[in-house]
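A.B. asks: Hey, can you work out the whole structure from these sequences and the hints?
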Amino acid sequence: MTPRRYDAVVTAHEKIAGDVALVSVAAPDLPAWQPGDHADLELSPGLVRQYSFCGTPGVPGVWTFAVRLRPGGTGGSQHVHTRLAVGDQVRVAGPKAMFPLADAPSYLLVAGGIGVTPILTMAEHLASRGKTFLLLYVGSTSARMPFLERVAALGESALVVDRSQTPGFTLPAIVERVPDTALVYACGPARMLDELRGLVGAERLRTESFASSPGVLSDAGGSFEVQFGIDGPVRQVPAGTPMLDVLLDAGADVMWSCREGTCGTCETTLLKGEADHRDDILTPDEKAAQNCVFPCVSRALSERLVVDLPLEG
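Each residue of the sequence shown is one higher than the one before, counting from 22 in our numbering.
The set of hints was computed from the structure by calculation and includes no laboratory data.
A hint or two may mislead.
Claimed, not checked - With a Cα cut of at most 16 Å, we get these calculated EDC-like pairs of lysine to aspartate or glutamate:
no.	residue 1	residue 2
1	Lys293	Asp270
2	Lys308	Asp297
3	Lys293	Glu324
4	Lys36	Asp50
5	Lys293	Asp252
6	Lys293	Glu246
7	Lys152	Asp124
8	Lys152	Glu170
C.D. replies: Here it is as structure tokens:
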């Protein structure tokens, strides 16, 4: 279903660990979230980014995110660091369970750099429930590793690796310390995730990925119709044109970001019709349910898709 949106106010903005901004937004109706969830933060019209929660799960009213400055990025982190300030009005959407924590006898949690944000909330959640886990937090240098105090509070269940001080560190040595039945959750650089996949196998590994999906739009498919609500107007989606563009041109209020079917920002409720799902988000069962689309990449197997996006005026 389409994530609910909220008008919120920036209530805290501080720099931590050198190049990380810790930002909190508040609104009376912000719902509680769970470990691994993330939200969309609309920084300005057309500039939407996804951030994992890093505050206290289960507490409504305030959402907190950690954003690392990326000098070569596409503007999201630059905006957060240089323009966003306490008192600013922002629009947010979520929570989204994009990285849910499943039940298991034990866990290996691996965080690389700013990937610590979802992983740390998982570790603290497991610790509060007496679960067995090992958290590995790897960074280039401790000066650029946020939340070290929170990690230290986990005691012997956490291992911090400062690569500048630990040149002999290897992932295989850590993997050997956990049972073969442990689920492995990881968030970090692609190279680290690829190495873990080779060590534990895809069936045990859960990752949070915002990688591109090569070729998704190169075969965008034929034309179809999209209808705005059961009794709303109908628009034609030409062959090779993303449905998202047609929705936006018609004036629909759709938040979007990646245009690759990886971030989940543009999720829209599907009321009727059969979609051709081309995203990297839905499971096979969720695709078969035919109750939502990601219009940046979704096409149609039926002649018309009816979406829950009523047009105003």
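A.B. asks: Hint by hint, say whether it matches the structure.
C.D. replies: Outcome of the hint check:
| no. | hint | result |
| --- | --- | --- |
| 1 | Lys293 - Asp270 | 21 Å, violated |
| 2 | Lys308 - Asp297 | 9 Å, holds |
| 3 | Lys293 - Glu324 | 11 Å, holds |
| 4 | Lys36 - Asp50 | 27 Å, violated |
| 5 | Lys293 - Asp252 | 12 Å, holds |
| 6 | Lys293 - Glu246 | 12 Å, holds |
| 7 | Lys152 - Asp124 | 10 Å, holds |
| 8 | Lys152 - Glu170 | 20 Å, violated |
When each numbered hint is compared with the structure, violations occur for hints 1, 4 and 8.
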